[in-house]
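Student: Here's the letter readout for the chains.
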Amino acid sequence: MKKFLTSALVRGLLWQAIGWLLGALFVTGIRFLMGLNPFDQFFFTEPAWVFGALVGAISFVAGTGAMTDWFKWAKGEETPEHREDPPGWEKYLNVSLDHKVIGIQYTVTALILMCVGGLFAMIFRTELAHSGLQFLTLQEYNTFMSLHGIVMIVGILVGVAGVMNYLVPMMIGADDMSFPRLNAFSFWVVPPAAVLLLSTLALGGFDTGWTGYPPLSVRAPVGMQMFFMGVAVAGWSSILGGLNLIATVLRMRTKGMTAFRMPIFIWAAIATSIITLTATQLIGLAFQLVMFQRLLGMGFFDPAKGGNPILFQHLFWFYSHPAVYVFVLPGLGLISELMPVFVRKPLFGYRFVAMSSLGIALVGFLVWAHHMFTSGMNEYLRVPFMYSTLLVAVPTGVKFFSWIATLWKGKIEAPTPMLFVVGGIVVFLLGGLSGPPNATVATDLHLHDTYWIVGHFHDTMFGGYIFPFFAAIYYWFPKATGKRMNETLGKIHFWLMTPAFLTLTLLMMRVGLLGMRRRVADYDPALGFDNYHLIMTIAGYLIAIAIAIFLYNLYISLRHGETATGNVWNSRSPEWQVPSPMPVHNYDVPFEVVGEPYDYGLPGSAYVRFADGSQSTKH
Amino acid sequence: MEHTNKSEILRQGAIIFVFLAVLTGLEFFVAVAIGAVALLAVIALVKVALVMYYYMHIYKLNAQDEQLDRHSFEYKLNTRRLGLWLFLLSDSFVFGGLFVSRFNLLGLTRPDLNQVLGLAVTSVLLLSSFFMNRAESSMAHGDRRGFIIGIVATLILGIGFLAGVLGVEWPNAIKAGVTPSASAAGAIFFMMTGMHAFHVLTGVIFLSIVLRNGSRGIYSPEKHWGVEAAAIYWHFVDVVWIFFYPALYLIGKLI
Ligand code: HEM
Ligand SMILES: [Cu+2]
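Chains A and B, in that order, give the protein sequences. Numbering follows the working numbering, in which position 399 of the first sequence is assigned residue number 399; successive positions increment by one, without gaps. One rule links them: number in the working numbering = place in the second sequence (from 1) + 1000.
Bound-form chain B, shown alone:
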């Protein structure tokens, strides 16, 4: 790929980020001002579509590569992509199950949670996706410095998200009486945030490995599947939160 392309790609990543940020703000506003569940669902779906297309590059699954040699790196790379996406499909059934369980148990009510904190951790995760995208695009264009900066920023924000959820949100909720064992609402809140945090944690570990290998120069613009996989996984975790955030914080009347 040409070097001129790089700034183009980075700019695209930034524009998408702005869109996502605006939509998140809009989401919050819609929830507070109108409370229209259908509109929230539409916004979430638009956000997910943007992330899947521009950050996760789902269209790459459609590579027309039948004529390639089966043992070539390129062909195998496309197979690995397929494998990862199948895994995410499988994983999304866990989150889908939790999501449906939440509505089964609570209907259109929600536990009383700290709204500022919810919006804050959501923004942190969104910002981390932006840096993740930068890191990957930089590596694809051979910019190792940009890659390292991007990954480190993603890692810091990811850990920040974990600290926010596990270190602040959980104790807060418990103080407010939303504990795992007090009610089904507490149980499902801790289960959803816990399952998601577990995935963020595995993502952080994955990113640390990629950072270590990347700073030792193992990846090249042509061969950096590890980076790409970590990025897709990271964005997936963000996609999950795009659904979980409104489900836990925005939808329904307070219990």
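Just chain A, same shape as in the assembly:
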């Protein structure tokens, strides 16, 4: 208990509260001296809340000690290269420089965020089970819906960071990331960002959805500012994490690991990081501009002052479209990574798959305005953006071809990770197929802002990241813990979640086509889809039960799981050639890459050779 109370997490939270309060009091004091009203509806005034929130977030990170080494460097002191972590669970609540610990910190944080976001969804899904308003007010409904969206998105970003952090240095044979302190910093800005997002609940909520379009977001309660601030802070995690990852892959690969001998997941991680490094700045900028418009009356998006609300949408989607590839590229990379292991065949068209990740990321920068076909932007922009969007289907199709060809005539085994791989492909296919109708101007004019879109992106996000994320957890759990997850529970999780999820999203698309708007708390019973909504709510609950089973499985496997220290899946990847759990600095004996990564089924082929002579010759 004492160890918990003195952990970096608790210290940080305490500092955040103190910093927040002091910052708010500071502004309040100044306002008082200037003769402005010092207090407002939510006690402090909006500028006080915002400034306090900023000070609080910085105080959190400083309070954890994640920046201590940098302060020392600024003073001209040297610090030791590595820091030893305490054994046991405390290291996960304290600042660690080890990429494996940070990877797990990210992953657990992601699971927590997703559970919170899921809880919000259950609340408003229950409200939607029947037409009419049951137990939520309109503002409450909007806030839960908006928070669900953003908490899930941040959750997925954090989950992506978790998997990449854990796997990338291990797969390329590095002992850590290029910049371990920056890595720790990138993780430790996430908890204060989460606190900021949740604090919206206490500050009047916000009713704009995760997109925060002005002019609505200029009028929303103070909670809106906390949403903007939370996203901006979490954004830094993405930006700096991407920076670190690119540097790591470019500079830390082991001998012999040329570009086309990297594990395919590394290509996906690079493509994702290019997006997070650059595009994220624009959502930060867009949100900052609204914050200033609210605080100082700056008229960026106010037509009365010569501003332009469409500009916000351009800036916002310039990030937020590529962001969807931040979610899916690592997920699709995981699918390509795991499939050959369970099919015992080489990955079909490795080079094309590698290039398709980069292709998707780069074309993804050119399509953002497909979210704005109905926004009133210049009409001549519609057609170019329609075609550029449809172009993304080409590299995405390459991936599907590769998967099908890899599955073709393989000796398929289907333990839980492989179930989630295949499930992910099926679900992502539905998401992908429902995309081009949105990209086609003629059809999108009807589909825009309906539940069809909600069905589309849930399929892409689940198929593209959530399913592969589960696959990755089931697959690498033994690597991280030396224990195996329970197969039976894993299968129940899969077979409960998948049909329920497909029912949910297909019905979303159906009611969307029938005229159900998105982001509304109520609908007309005369439209005749009360029953569909009821089924969707039931499906939602089934998914929640499946997730609960998964969490129980994590817990019980951690405590009583079957010991598994060897190469559980007969993988050729280097991390499985050493005993689990992984040693602190990864590889005691360095290795060299001597062959192709996915030559499963080719006798005698080897991918890596360790300096002591042992090889990975699994086939």
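Fair warning: there could be bad hints in the mix.
[What the hints assert, rightly or not] Straight-line alpha carbon distances no greater than 27 Å define the calculated DSS-like cross-link-like pairs of lysine-lysine that follow:
#  : chain 1 : residue 1 : chain 2 : residue 2
1  : B       : Lys1076   : B       : Lys1060
2  : B       : Lys1006   : B       : Lys1223
3  : B       : Lys1223   : B       : Lys1076
4  : B       : Lys1253   : A       : Lys75
5  : B       : Lys1175   : A       : Lys255
6  : A       : Lys2      : A       : Lys75
7  : B       : Lys1253   : B       : Lys1175
8  : A       : Lys91     : A       : Lys483
9  : A       : Lys3      : A       : Lys72
10 : A       : Lys409    : A       : Lys491
11 : B       : Lys1060   : B       : Lys1006
12 : A       : Lys305    : B       : Lys1253
13 : A       : Lys72     : A       : Lys91
14 : B       : Lys1223   : B       : Lys1060
15 : A       : Lys72     : B       : Lys1076
16 : A       : Lys3      : A       : Lys483
17 : A       : Lys409    : A       : Lys305
18 : A       : Lys72     : B       : Lys1223
19 : B       : Lys1175   : A       : Lys305
20 : A       : Lys305    : A       : Lys411
21 : B       : Lys1223   : A       : Lys75
22 : A       : Lys2      : A       : Lys91
23 : A       : Lys255    : B       : Lys1006
24 : B       : Lys1076   : B       : Lys1006
Everything labelled a hint here was simulated from the structure, so no lab data went into it.
Use these hints to put chain B with the ligands onto chain A, whose structure you have.
Tutor: Just chain B with the ligands now, with coordinates in the frame of chain A:
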């Protein structure tokens, strides 16, 4: 490195500075006399290329060092360079976003600002880049005195720039009716200069730290990453201004 090299390097820095100064003058002249936007863009790009190559040494990113030991200082130094440049790439998206927003909101019009002041602060920032380059080259050749003089000059000019923008330009603009809340033009002007000034401020803090550490003898000709990083960052802030100055002061008709 040899001592004879030093005067060579310093001379190169000075020549580049002269080029930049002439180009800035030309820019001003082109804007006033011809108003050719395309020509202004070309001049800005040439200036940026000169700064990135001769002052920021972007070519160092291309070091062929695969054979070096991964744990050697040299190898890690190149990794740090890469990291810093990636950060600048990321940061340039913020400025790029503001730059594009300015054209989206104002098109080819511009707010009425004090031209003399604009040219003055631009010159101050350019001159500071010259001294920054001297400071770094001096440190690379073990000339601590030259380093300190260079940094102090850079700091003074940097603070001068901030005083010019925040202390003179802003109040002036407000008096002339270009306020943050009056119009989108005012809003974007304050946002662009404010975001840039914020970066100058962080640069000033960074330089002060480097000055303190440098005067205590922490850096050596072989190991002075702190100095190099501060220099690259400082020049980057100058690069941003190379675009912002014409965008705010020179391009377009007066509103
Ligand atoms: C073939 C690929 C895809 C195409 C052609 C496509 C196309 C589109 C279009 C045109 C829209 C805007 C619809 C509207 O609001 O009227 C949209 C919305 C959306 N898509 Fe996709 N998409 C594709 C794949 C993906 C993927 C892989 C993801 C994410 C993982 C994704 C996530 C989203 C999200 C989140 C939205 C809704 C954004 C919002 O308004 O809140 N899409 N998609
Ligand atoms: Cu999109």
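Student: Next, verify each hint and record whether it holds.
Tutor: For each hint, the structure was consulted:
At most 27 Å may separate the alpha-carbon atoms for a hinted pair to count; B/Lys1076 and B/Lys1060 meet this at roughly 13 Å. At most 27 Å may separate the alpha-carbon atoms for a hinted pair to count; B/Lys1006 and B/Lys1223 meet this at roughly 17 Å. As the CA atoms of B/Lys1223 and B/Lys1076 are separated by approximately 11 Å, the hinted pair is consistent with the 27 Å bound. Restraint check: the Cα-Cα separation between B/Lys1253 and A/Lys75 comes to about 49 Å, which exceeds 27 Å; the hinted pair is violated.
Pair hint B/Lys1175 plus A/Lys255 does not hold up; C-alpha atoms about 64 Å apart against a cutoff of 27 Å. Straight-line distance between C-alpha atoms of A/Lys2 and A/Lys75 comes to about 32 Å, which puts the hinted pair past the 27 Å bound. About 20 Å separates the Cα atoms of B/Lys1253 and B/Lys1175, which keeps this hinted pair within 27 Å; it holds. Distance check on the hinted pair: A/Lys91 and A/Lys483 sit about 19 Å apart at the alpha-carbon level, within 27 Å; holds.
In summary, the hint linking A/Lys3 to A/Lys72 is supported, as the alpha carbons are separated by about 25 Å, within the 27 Å threshold. The straight-line distance between the Cα atoms of A/Lys409 and A/Lys491 is roughly 24 Å, inside the 27 Å bound, and the hint therefore holds. Distance restraint check for B/Lys1060 and B/Lys1006: the Cα-Cα separation of roughly 18 Å lies within the 27 Å cut-off, and the hinted pair is therefore satisfied. Straight-line distance between C-alpha atoms of A/Lys305 and B/Lys1253 comes to about 19 Å, which keeps the hinted pair within the 27 Å bound.
Using a Cα cut-off of 27 Å, the hinted pair A/Lys72 and A/Lys91 holds, with the two alpha carbons roughly 22 Å apart. A threshold of 27 Å between alpha carbons decides the hint, and for B/Lys1223 with B/Lys1060 the separation of about 15 Å falls inside it, so the pair holds. Proposed proximity of A/Lys72 and B/Lys1076 is supported: the alpha carbons are some 19 Å apart, at most 27 Å. For the suggested pair A/Lys3 and A/Lys483, the alpha carbons sit about 26 Å apart, so the restraint of at most 27 Å is met.
Restraint check for A/Lys409 and A/Lys305: not satisfied, since their Cα atoms lie roughly 65 Å apart, outside the 27 Å limit. Between the alpha carbons of A/Lys72 and B/Lys1223 the distance comes to roughly 17 Å, so the proposed pair stays at or under 27 Å and holds. A hinted pair counts as satisfied when its Cα atoms are at most 27 Å apart, and B/Lys1175 with A/Lys305 qualifies at roughly 18 Å. A distance of roughly 66 Å separates the Cα atoms of A/Lys305 and A/Lys411; the hinted pair therefore is violated under the 27 Å criterion.
Proximity of B/Lys1223 to A/Lys75 is assessed by CA-CA distance (about 16 Å); at most 27 Å being required, the pair is judged to hold. Note on A/Lys2 and A/Lys91: the hinted pairing holds, with a Cα-Cα distance of about 14 Å set against a maximum of 27 Å. At roughly 38 Å between alpha-carbon atoms, A/Lys255 and B/Lys1006 are farther apart than 27 Å, so this suggested pair is violated. Restraint check: the Cα-Cα separation between B/Lys1076 and B/Lys1006 comes to about 25 Å, which is no more than 27 Å; the hinted pair holds.
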